[in-house]
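Knowing the structure of chain A, use the given hints to seat chain B on it.
Number of protein chains: 2
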Amino acid sequence: MSHKILVAQGGGPTAVINQSLVGVALEARRFSSISHVYGALHGVRGIVNDDLVDLGQETVANLEAVAATPASALGSTRDKPDLKYCQEIFKVLKAHEIDTFFYIGGNDSSDTVRIVADEAKKGGHALRAIHIPKTIDNDLVGFDHTPGFPSAARFVAQAFAGANLDNAALPGVYCAVIMGRHAGFLTAASALARKYPGDGPHLIYVPERTFVVEKFLADVKDVYEQHGRCIIAASEGIHDEKGEAIITKLVGKAEKDAHGNVQLSGTGALADLLCEEVKNKLGIKRVRGDTFGYLQRSFVGCVSKVDQREAREVGEKAVQYAVGGVQNGSVAIKRVGDYAVDYPLIPLETVAGKTRVMEDNLISEQANDVTDAFLAYAQPLIGADVPEVAKLRAAKVAKAGVLLGDGT
Amino acid sequence: MSHKILVAQGGGPTAVINQSLVGVALEARRFSSISHVYGALHGVRGIVNDDLVDLGQETVANLEAVAATPASALGSTRDKPDLKYCQEIFKVLKAHEIDTFFYIGGNDSSDTVRIVADEAKKGGHALRAIHIPKTIDNDLVGFDHTPGFPSAARFVAQAFAGANLDNAALPGVYCAVIMGRHAGFLTAASALARKYPGDGPHLIYVPERTFVVEKFLADVKDVYEQHGRCIIAASEGIHDEKGEAIITKLVGKAEKDAHGNVQLSGTGALADLLCEEVKNKLGIKRVRGDTFGYLQRSFVGCVSKVDQREAREVGEKAVQYAVGGVQNGSVAIKRVGDYAVDYPLIPLETVAGKTRVMEDNLISEQANDVTDAFLAYAQPLIGADVPEVAKLRAAKVAKAGVLLGDGT
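In the order they appear, the protein sequences are chains A and B. Going by this note's numbering, 763 is the number at position 304 of the first sequence; the sequence numbering is gapless. Going by this note's numbering, 850 is the number at position 391 of the second sequence; the sequence numbering is gapless.
Some hints could be false.
As the list claims (entries may be wrong) - When the alpha-carbon atoms are kept at most 27 angstroms apart in a straight line, the in silico DSSO-like pairs for lysine-lysine are as follows:
1) A:K701 with A:K813
2) B:K539 with B:K581
3) B:K740 with A:K708
4) A:K855 with B:K553
What the hints assert, rightly or not - Looking from chain A toward chain B, a few residues come up when the C-beta cut is under 8 angstroms (computed):
5) D509
6) T528
7) S535
8) A620
9) G621
10) T726
11) A730
12) Y753
13) E847
14) L862
Think of the hints as simulated: they come from the structure by calculation, not from any bench. Glycine residues also receive a C-beta, built at the ideal position from the N, C-alpha and C atoms.
Pulled out of the complex, with its shape left as it was, chain A reads as follows (with noise of 0.2 angstroms):
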């Protein structure tokens, strides 16, 4: 029997969301049993709209070099399909005859093929639906990691190291804000930039604890006193103990996304807020802060290598799923040595919709630093081919003891 596939990629973008697709569109090319191979533009949105694409007509030349871009080449969508939406997909993939779907996506997507195979089920359509993962916020159920979270943690991991380096050299109040509204691990890896002792980050929140203002203070006023200086690495999803973002606090009417989401990404205002709190409250005077905002998961030339590899590899054992004859499930990514990885098939329903967030060991005690268990967790994430950074051993020189108070 010959099968045509599709495949769309849903919600958030990340530096390697294309490798997955490529992983797909390649994959495919080995069986003779699949026909063809689309891709629906902008998720299942491109499926409504009947908007597909011949993937079967790209060159491989092309293929990797899409693969190598960040970004979701296909396009993006938050739509999230009830009832109807469902309806209007199976109208289109039977027009098509097309058997197969790949979503490459989060958890609202894990969510999305997840109901398109009930449907499909309830329905008498003949459907293979098939989750691939990605999402920087590494918050899969099921998952060790996800594609997409090493890259990004890179990326936060390279700007602290720079910005550890630059507060050293004019010190002050750094205070910079990590996507994640649910999951700290973004924010935490800001640890990974830390090498010499006094490094920054000094300080790290995430919404997996009650953020107290009081305590943010006086956390941050310690670490000044015996630094100098301080940096501090704050989720975007940091809350009060009635679970109300900081962010909201400050904005009062907020912005919400189509899932009903308070928005918190595309703003600097958490950000100014604490450099404000910092500034009236500790009477500090160079505070900075900065939001890492989009370029955390979409700056080209930040990448990790062994992100690059999985997320390929998520998309290729997709393929192999499907022609193995699995009708639904999500690829997931099982950590089976220190390191090496293997991509079990795990149902629907341990993903869809739900949220995982950093485990207990993961987190400082004092709910301001990350433990020795996360910083193993998460460097081998990060490939092995971080820049270093150095500094000046600096022996000092003897006081000519000309100033006053040198004795002189």
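The following block gives chain B in isolation, referenced to the frame of chain A:
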């Protein structure tokens, strides 16, 4: 006669400022007439505090590792000496028998060198004082370009190349704010991100032109109607017709730095303001703002090889000029081929305290883009090895004709 030389770093760090430092330290080792190479910690402040380190005790391996590390390895300062400060400087230099001073920095630092040289002459102190250039702003008069700019420009280009792809995947308006108080060179470098027709940034606003909010909104509307999305690069220094910074219109009371300048960096307020304008006035829903902040000057792992080489060479040339008997000056970069440079020594007065801005032929008539002349000027600086991006050629699949509106 035996010389003791002192090197220091001033102003904002760059990705390659340590190349210049190491250029001085290693070049000095060639000359038996140079007995010691000292470094001052945190610029001129390290001199008045008699806080010196002996660079003669550094190993070549560590110096090379430091050269490849962003930010100022000796530490930096925003201090600008007056007469009293200069007298403290001379006291310490004399006590250590230092007769040569190299200061690596931008406008303010070159002015410091001029003041120190002037006061030394007036006071009869035998002191050679040479300015070694660095600034990501590219705003030194008498220079083709300045060390530090090419690497920052490369960061901006790679960031926009990624942001363009991200925005194409999830369309909307994206506005990123770039460093540059008076000179728009770094913001203009965003144009180097374009590859395919329709690629962003679609609009570029530099401080050399008056920023008119209504014109900006009309520009965004035009682009959005044409492309269904719009990417904007705006300099932090954009201002209205009276010269008032657009950011101060928002924040009212703005912080001023040690030189009396309003704080433009280390806050996301300008990007947020521009996004609010677009949302409210144009009714576009998905509008996101980023502020590249300190990443553009400190990110580890994004450097132009051209910049690395030239930053090293200006340090080497400074030592050669001093050994050759020069009293003072600034080591300039002159373009002598396409692409090749030379390093003439120019008078401190040419550089000190002055600000170069973008020449008129580099900015488009509509004041919302750069010209081809700018691209020809900037392209060789960022290096030939910038990571490439690629798009699918996306051969359309014929519509199945099952949708409403397909004529079925």
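Evaluated hints:
The straight-line distance between the Cα atoms of K701 (chain A) and K813 (chain A) is roughly 21 angstroms, inside the 27 angstroms bound, and the hint therefore holds. Restraint check for K539 (chain B) and K581 (chain B): the C-alpha separation of about 18 angstroms stays at or below 27 angstroms, so the hint holds. Of the supplied pair hints, the one linking K740 (chain B) and K708 (chain A) holds, its CA atoms being roughly 25 angstroms apart against a limit of 27 angstroms. Between K855 (chain A) and K553 (chain B) the CA atoms are separated by roughly 18 angstroms; this keeps the pair inside 27 angstroms, and the hint holds.
With a cut of 8 angstroms, the hint placing D509 (chain A) at the interface with chain B holds, because the nearest CB-to-CB distance is about 5 angstroms. Evaluation of the T528 (chain A) hint against chain B yields a held restraint, the C-beta minimum of about 4 angstroms falling below 8 angstroms. The restraint placing S535 (chain A) at the interface with chain B holds, with a minimum CB-CB distance near 4 angstroms, inside the 8 angstroms limit. The interface hint given for A620 (chain A) is met, as the beta carbon of that residue sits about 4 angstroms from the closest beta carbon of chain B, less than 8 angstroms.
Look at G621 (chain A): its Cβ gets to within about 3 angstroms of chain B, closer than 8 angstroms, so that hint holds up. About 5 angstroms separates the beta-carbon of T726 (chain A) from the nearest beta-carbon of chain B, less than 8 angstroms, and the hint is met. For A730 (chain A), the shortest C-beta to C-beta distance to chain B is roughly 6 angstroms, which falls under 8 angstroms, so the interface hint holds. Here the hint on Y753 (chain A) is kept, as its CB sits about 5 angstroms from the closest CB of chain B, short of 8 angstroms.
Of the supplied interface hints, the one on E847 (chain A) holds, with its beta-carbon coming within about 7 angstroms of a beta-carbon of chain B, less than 8 angstroms. Here the hint on L862 (chain A) is kept, as its CB sits about 5 angstroms from the closest CB of chain B, short of 8 angstroms.
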